[in-house]
Amino acid sequence: MMYDDLSTPDDHSDPALDFELPRSKTSDTGSAPARHLPDREVPVPNSGAISVLHQWLDGDVSVAIVRASQGGNDAVDLWTKIHDEAETLRSRTTPLYVHKRIMDSLPDDTYRGHHPWYKRSIPMNPAVLIAGAVALFAIGVIVAQMVLK
Amino acid sequence: MTSETSPVDQADLDQEVIRRVLNGSRDAFELLIVRYSDPLYRHALGMTGSPDVAEDILQQSFIKAYAHLSEVRGRFDAWVFRIVANACKDWLKNIRRSHISYEEDDQPSSYSTPEEELDRNELRTDLEVALAALAPALREAFVMKHVEGRSYEEMAELLRTTVGALKMRVHRAREALQHLLEGKYA
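Residue numbers (the working numbering), protein chains in the order written: chain Y, 177 to 325; chain H, 230 to 415.
Bear in mind the hints are in silico, worked out from the structure with no lab data behind them.
Some hints could be false.
What the hints assert, rightly or not - When the alpha-carbon atoms are kept at most 27 Å apart in a straight line, the in silico BS3-like pairs for lysine-lysine are as follows:
no., chain 1, residue 1, chain 2, residue 2
1, H, Lys293, Y, Lys276
2, H, Lys413, Y, Lys276
3, H, Lys293, H, Lys322
4, H, Lys318, H, Lys293
5, H, Lys293, Y, Lys257
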């Protein structure tokens with residue numbers, strides 16, 4: 177059986193844990209100032225059952241062990257519902273239009289100067305083809321005039 | 230399935246794409262968007278509860294990643310994840326919300342009966358309200374563990390912290406959620 181390692185020094189100095197204690201809607205007095213969790217472990221009621229619950233949720237013990245603990249059935253039912261909801265979220269994918277929206281919002285010239293102009297690819301479209309043909313024709317005319325002189 | 234790409238191969242492929250983008254191939258960046266948008270979108274959705282906000286965060290994060298692509302050291306997926314994760318935490322710290330915004334969701338329903346859908350919508354709403362009461366760091370740890378299904382080791386690598394600290398955050402998040410939800414659902 178694997179137990180959670182909750183005794184490492186950083187557990188007691190986690191800078192990310194500066195937060196307000198979530199308050200239940202039913203037990204909220206409405207006038208008490210926001211309490212901050214102390215940066216240390218505090219005793220909680222029925223901690224044995226909670227510990228077993230965490231071990232089950234971390235995949236370390238079977239559900240039967242949790243159900244055998246005090247209040248275990250209720251906890252298993254609640255977390256099964258939460259897991260079903262999490263499973264729904266886990267199947268979500270990015271809407272396809274978001275890909276296009278991101279590409280359309282990228283700047284065109286961020287990395288254009290990172291390589292010489294003669295190595296860049298030229299997009300082929302009717303305007304580029306017409307411009308190329310006009311340029312070739314003009315060069316041909318100039319060369320022809322030089323030869324005929 | 231043997232055709233799956235290993236993380237090392239994936240990192241090499243990412244580096245090749247990054248090299249192409251830095252050489253001026255803007256369109257190559259779409260390969261990175263397609264490859265990583267889904268897990269990043271799910272993280273943003275789990276953190277904010279709003280599809281619209283998740284899409285905006287994803288867009289801004291990829292624009293930022295594109296602008297700073299030459300600064301990538303190591304794995305691109307971990308680097309861009311941290312951009313999204315920080316954007317989500319900034320949003321949570323700045324926003325003051327009174328209720329969730331899943332009603333914006335237009336994904337098709339997968340529930341068999343209207344009653345079941347109603348029950349699940351109620352749970353979804355209550356769960357989102359409970360998640361919104363958590364500190365951003367606790368919500369982040371809970372979403373990564375239970376919504377994204379990541380291991381503690383993977384979470385520690387992505388968030389650059391220790392497994393012990395993350396276990397503590399996940400445990401505190403679970404206890405807070407249980408405290409908030411057990412009266413109604415247990």
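Outcome of the hint check:
Of the supplied pair hints, the one linking Lys293 (chain H) and Lys276 (chain Y) holds, its CA atoms being roughly 16 Å apart against a limit of 27 Å. A hinted pair counts as satisfied when its Cα atoms are at most 27 Å apart, and Lys413 (chain H) with Lys276 (chain Y) does not qualify at roughly 42 Å. As the CA atoms of Lys293 (chain H) and Lys322 (chain H) are separated by approximately 20 Å, the hinted pair is consistent with the 27 Å bound. Straight-line distance between C-alpha atoms of Lys318 (chain H) and Lys293 (chain H) comes to about 16 Å, which keeps the hinted pair within the 27 Å bound.
Restraint check for Lys293 (chain H) and Lys257 (chain Y): the C-alpha separation of about 37 Å exceeds 27 Å, so the hint is violated.
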